[in-house]
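**Q** Protein chains in written order, with the UniProt record's numbering: chain Z, 1 to 262; chain Y, 1 to 209.
Bear in mind the hints are in silico, worked out from the structure with no lab data behind them. Heads up, the beta-carbon is just placed ideally off N, CA and C, and yes, glycines get one too. Errors might be hidden in some of the hints.
Claimed, not checked - Calculated cross-link-like contacts (lysine-lysine; reagent style DSBU-like; alpha-carbon spacing at most 30 Å):
id, chain 1, residue 1, chain 2, residue 2
1, Y, K109, Z, K200
2, Y, K62, Y, K109
3, Z, K96, Y, K131
4, Y, K131, Y, K59
5, Z, K96, Y, K52
6, Z, K115, Y, K159
7, Y, K52, Z, K115
8, Z, K96, Y, K60
9, Z, K96, Y, K159
10, Z, K134, Y, K109
11, Z, K96, Z, K134
12, Y, K60, Y, K50
13, Y, K62, Y, K52
14, Y, K60, Y, K131
15, Y, K62, Z, K200
16, Y, K109, Y, K50
Said to hold, decoys possible - Not the full set, but computed from the structure, chain Z residues with beta-carbon under 7 Å of chain Y:
id, residue
17, L101
18, R105
19, R108
20, S180
21, V181
22, N185
23, Y213
24, F217
25, R218
26, F224
27, L228
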Amino acid sequence: MWRGSGEPADSFYAVRPECSDVTKTRFKIKAGRTLSVRRWHAAFSPDGCLDISQTLGRIQRGGVHPSIRGEVWEFLLGCFDPRSSFDELRTTETTKEEVGLDVLRTDRTLVFYEKQENLSKLWDILAVYAWIDKDVGYCQGMSDLCSPMIILLEDEADAFWCFERLMRRLRGNFRCTETSVGVENQLQSLASITRVLYPKLHQHLETLGGGDYLFAFRMFMVLFRRELSFGDSLYLWEMMWALEYDPGIFSMYEEPGFTGEK
Amino acid sequence: MDSASSQPDFDYLFKLLLIGDSGVGKSSLLLRFTSDSFDDLSPTIGVDFKVKMVTIGGKKLKLAIWDTAGQERFRTLTSSYYRGAQGIIMVYDVTRRDTFTNLSDVWAKEIDLYSTNQDCIKMLVGNKVDKESERVVTKKEGIDFARQYGCLFLECSAKTRVNVEQCFEELVLKILDTPSLLAEGSAGVKKNIFKQKPPAPDASTSSCC
């Protein structure tokens, strides 16, 4: 495994100069054995599909060139479908760009987000969420829902789970088909309820041409965060959750296959 | 919102639409135009709109300007707002190449698909020219695109307000120059700015409470 000469890889993982008693790296980058950048790229077909089998022999015998280790590991560990194309990888990149754009535009009036580390938490949580919920991914509006969690819970991991639980209730709104955005189901319910409970109001809205209730689109998407102040929207949220609190909520979430949609 | 009165206080009502990729500054352009201010704005969710009364070309105009979310998944929603627009503003960010290439890949196609108005005036706007050092799309590229697609063209900055008013003014002047659009926007034509769909058959007798 260590035999033969090659280029040392120590420079990729520099050790602090004051530390002397450190195990020496014996791994060497060996031409013809170590998986090189060129070989790695050659394993992708012209349409962008990876044939990882072409690379496994190299990796088994000579490891991976440190400059591409990260991306190779992603495939080795199964982050991506090995049949995935550049297109799918590009989707992942696009999602991260979208998150990045919106993180810089979320609740910027709050002092809390003057700190770079708090923006980073917002980015982390939204990007990870998009990863674990592939059907929904990232959709504009989620940053409005996530931001309070980061402010309320100091620990990023706790904030993530709070957001994830909130999304179990709301993810249906963000799910899109070719022809509609998920929240439109809620708009139809609102229309039905208003028609029965406040027929005059409903009629008035119809007359104005607002019978599709699209004016309420954003109210449902981000639970009135844009209509109310930051503090008032949190008050509204907790009142809502208290009203619909289900004593079995915890065990319900633990059931396998639970999707959380109403 | 002013209620429907028999004497409208404007000569024409025009519907304008802002489209383009996420984060190019559509909402900022609109805010600069309608309130002459610049703020850190949150991403637009779905569709937003503002009204501005202006006097251009000696005419009193009411502009209903619809501002759309740029994210791809909102397109099923935003597509319905092209209907009946007299003017469409395509915005890109001169510091982000993608937002420019998507104009031909995405936005021009959206207009072809969803705009119901043959004569509708299109305007190309390159925003964020205040970041000159970060510019990656040249002015010439914008001019060439505009020529190819038959649109008006300006570069502007919502931040410094350079050319913002001119964007809307040039667009509106061109609309005023187009008889078919003028007829649609005429204050005499009873219409509702919220109406996206053809009027319901029973809407003729309506009177606001």
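**Q** Does Z/L101 meet its interface restraint, that is, does its C-beta lie within less than 7 Å of any C-beta in chain Y?
**A** Since the shortest Cβ distance to chain Y is 4 Å, the answer is holds.
**Q** Take the C-alpha atoms of Y/K131 and Y/K59, compute the straight-line distance between them, and say whether it is at most 30 Å.
**A** The given pair, whose Cα atoms are some 35 Å apart, is violated under the 30 Å limit.
**Q** Would you settle whether the hint for Z/R105 is holds or violated, based on the nearest Cβ-Cβ distance to chain Y being less than 7 Å?
**A** holds (5 Å)
**Q** Answer holds if the nearest beta-carbon of chain Y is closer than 7 Å to that of Z/Y213; otherwise answer violated.
**A** Since chain Y brings no Cβ nearer than about 12 Å to Z/Y213, farther than 7 Å, the hint is violated.
**Q** When the nearest CB of chain Y is found for Z/L228, is that gap smaller than 7 Å?
**A** violated (13 Å)
**Q** Given the hint that Y/K62 pairs with Y/K52, test it: the Cα-Cα distance must not exceed 30 Å.
**A** Holds, at roughly 6 Å.
**Q** At a threshold of 7 Å, is the proposed contact between Z/N185 and chain Y supported by beta-carbon distances?
**A** This interface hint is violated because 13 Å lies over the 7 Å limit.
**Q** Tell me if the straight-line CA distance from Y/K62 to Z/K200 falls inside 30 Å.
**A** holds (29 Å)
**Q** With a cut-off of 30 Å on the C-alpha distance, tell me whether Z/K96 and Y/K159 pass.
**A** holds (26 Å)
**Q** Regarding the pair Z/K96 and Z/K134, is the alpha-carbon distance no greater than 30 Å?
**A** holds (13 Å)
**Q** Straight-line Cα separation of Z/K96 and Y/K52 no greater than 30 Å?
**A** Roughly 36 Å separates the two Cα atoms, so the pair is violated.
**Q** With the threshold set at 30 Å, check whether the alpha-carbon distance from Y/K62 to Y/K109 stays at or below it.
**A** Holds, at about 28 Å.
In this structure, the hints that do not hold are numbers 1, 4, 5, 7, 8, 14, 22, 23, 26, 27, in rising order.
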